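A.B. asks: Assemble the complex: chain A is given as a structure, and chain B must be docked to it using the hints.
Those protein sequence lines, which keep their order, are chains A and B. For the first sequence, this note's numbering begins at 64 and goes up steadily by one. For the second sequence, this note's numbering begins at 64 and goes up steadily by one.
Hints are computed from structural coordinates only; laboratory data are not their basis. One thing to keep in mind: the hints can contain errors.
If you want the footprint, here are the derived chain A segments under chain B, 3+ residues with CB under 8 Å [unchecked claim]: (1) 175-186; (2) 214-224; (3) 286-293; (4) 335-345; (5) 356-370.
Listed next, with one range per pair, are the computed distances between beta-carbon atoms [claimed, not checked]: (6) E345/A / T96/B: 32 to 40 Å; (7) R377/B / R356/A: 18 to 26 Å; (8) P167/A / D78/B: 56 to 64 Å; (9) R272/A / G195/B: 56 to 64 Å; (10) P359/A / T96/B: 27 to 35 Å; (11) A69/B / E179/A: 52 to 60 Å.
It should be emphasised that the depicted structure is a prediction, and the values quoted were computed from it without experimental measurement. Using N, Cα and C, we set each Cβ at its ideal position, and we do this for glycine too.
There are 2 protein chains.
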Amino acid sequence: MTSRLANARRLYPEDRVALRELGLRDGLQLTKTFPSTPAKIEWIEKAHGAGVRHFEVGSFLPVRTFPQFADIRTLIRTVDGLDGAFSSALTLNEHAIADSLETPVDEIVVALSATEEHCMSNIRRSRRSAIGLLSHAVGERKGSDRPLINASISVSFGCSVGGEVAPEEVLRLAEACAEAGAEVIGIADTVGFAGPRQVRELCELVLPRVHPLPVIIHLHDTRGTGIANAYAALQAGVRVLDGTLGGLGGCPFAPGATGNVAFEDLVYLCERSGFATGIDLEKLLELRPILDRELPGETLYGALARAGPPATIRWQSGST
Amino acid sequence: MTSRLANARRLYPEDRVALRELGLRDGLQLTKTFPSTPAKIEWIEKAHGAGVRHFEVGSFLPVRTFPQFADIRTLIRTVDGLDGAFSSALTLNEHAIADSLETPVDEIVVALSATEEHCMSNIRRSRRSAIGLLSHAVGERKGSDRPLINASISVSFGCSVGGEVAPEEVLRLAEACAEAGAEVIGIADTVGFAGPRQVRELCELVLPRVHPLPVIIHLHDTRGTGIANAYAALQAGVRVLDGTLGGLGGCPFAPGATGNVAFEDLVYLCERSGFATGIDLEKLLELRPILDRELPGETLYGALARAGPPATIRWQSGST
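Extracted from the complex, chain A is given alone in its bound form (with noise of 0.2 Å):
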């Protein structure tokens, strides 16, 4: 546990909040368009800018079906580059995995679901055939500590297919999963059906039992509660959290629904919070403009980037 345990803080340090920005990935799964590869080196290095240190960049995927991420590794390269950044990309299969291993990619990402049907309808494998994929990653590993592995649980608060999920179950998956191998558990609310209420209790339930490894919050706003969902996940001790600039990401299942929740609002939220997240949420709107741009007709979510922050009172958490 101990050489995984560092290899998990290195990238998320358990005395801070770490915000995974998951634009270039989970933002472009839907998306009609795409940007180019040098809007995507522009997006990454303003975000860096900015202060961000963790972009998921792409999924290792066949390029003729999704040439979206086609450019994966040179987005993988362009984060190696950048001072204190960090890189993930999704790994669905053993040729995924494969293809990770030739990269300097920091973090892989082996998502499984809550429910069986879910799980081989999303990524069309059993849940047992997933957690197995966690085992084959980190024995493709042969002794190193890097990538670090990460294992998503998807439709944790509710399944648009299976319908409920029991936080018991998740916890079984949880355990499984480190047991397996993983360093970082993800807790993902797919659907968009989680409450804040939900959030609490189910991470309150999985934290402890995965200690010490870091668990992150994976939300959709798809009902209003992403910012209510990020609260309650830190007030049960969740550090590290996922969201896109934009709140890019529809919902397959949802059509015309908010996607995931707004990397801008998460770092308000975190900052009024009392939660430094290093990141200048100033700067950080200057990369709308990219957005705009590069993803025209897609709609862009984010209350901040309407309204700014309060201009009169001191809104920032103090320590960095």
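C.D. replies: Relative to the frame of chain A, chain B by itself:
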């Protein structure tokens, strides 16, 4: 206190959540167009049919300057005729109070601000004078305990004019309002500066000190924290929450920003968090076409209106 409390508890029972729909008052303060009187009546009746029981229907103001509130007496009578429904109206001066007492309105709202600067610019009165207006209203009731007197403290979480607001200052004002005769205390984030931590801390400070008077939280979603703030208020013990259908009611200090927290999303938050509202969310969403039709050009907000409630899980609170 006994009679005062009985009246307050008639409108706001201690053992359940009450949601106040302010669309016809706060929602129409800045709109360029406003619904016809028949459309407003349809709005109230349909919302009542969905289970809404608390309606703020306007402000007693000069008709020439504020034509959107010209039909306030008609709307008070409309609410008066509906089973279990309560009407509320803003009364910002002695004239307004006198006018309100000639109607069957259930509750009148006297506004003041946490800062002297905002109070003078918003209602052209000092805070001391606004508190005097509360005593005046009590006197004018001539021994009756109706209408209920509600003191609403604007910019309680920071002021667009005066800057920082100390929680102790809001507490001082809340206690002064209770002493002057207010039977309900409103804490308002008029300019949308609050985060959930501030809401929880301020509510936990004020609630025990004005107990057993009910406390209302009035939130704007200007910076995306509206629902998180509502959740924090519920956690702190607040059981009366304001909102507007479609999140109507922009902020003059933040052009293009969202307005009040969306009533539909408040209902979902409460139900998903174990607080029964008595409101049928599906029926409530059927009001949306009235808003679309009657307020052309107004941007409507709210995630539930876009995505609908979760289809495959039980999200309603069990009790009623």
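A.B. asks: Against this structure, judge whether each hint is valid.
C.D. replies: These are the hints, each one checked on the structure:
1. 175-186: With 0 residues close enough to chain B, the hint is violated.
2. 214-224: Coverage by chain B holds for the stretch 214-224 of chain A (4 residues, Cβ < 8 Å).
3. 286-293: holds (count 6)
4. 335-345: holds (count 3)
5. 356-370: It holds: at least three residues are needed, and the stretch 356-370 of chain A offers 5 whose Cβ sits within less than 8 Å of chain B.
6. E345/A / T96/B: 32 to 40 Å: For E345/A and T96/B the Cβ distance comes to about 35 Å; the hint holds.
7. R377/B / R356/A: 18 to 26 Å: Roughly 43 Å apart at Cβ, these two residues miss the hinted range, so it is violated.
8. P167/A / D78/B: 56 to 64 Å: Between P167/A and D78/B, where Cβ atoms are some 59 Å apart, the hint holds.
9. R272/A / G195/B: 56 to 64 Å: 58 Å, holds
10. P359/A / T96/B: 27 to 35 Å: Given a distance of about 31 Å, which is inside 27 to 35 Å, the answer is holds.
11. A69/B / E179/A: 52 to 60 Å: The hint (52 to 60 Å, Cβ to Cβ) holds, given that A69/B and E179/A are roughly 55 Å apart.
When each numbered hint is compared with the structure, violations occur for hints 1, 7.
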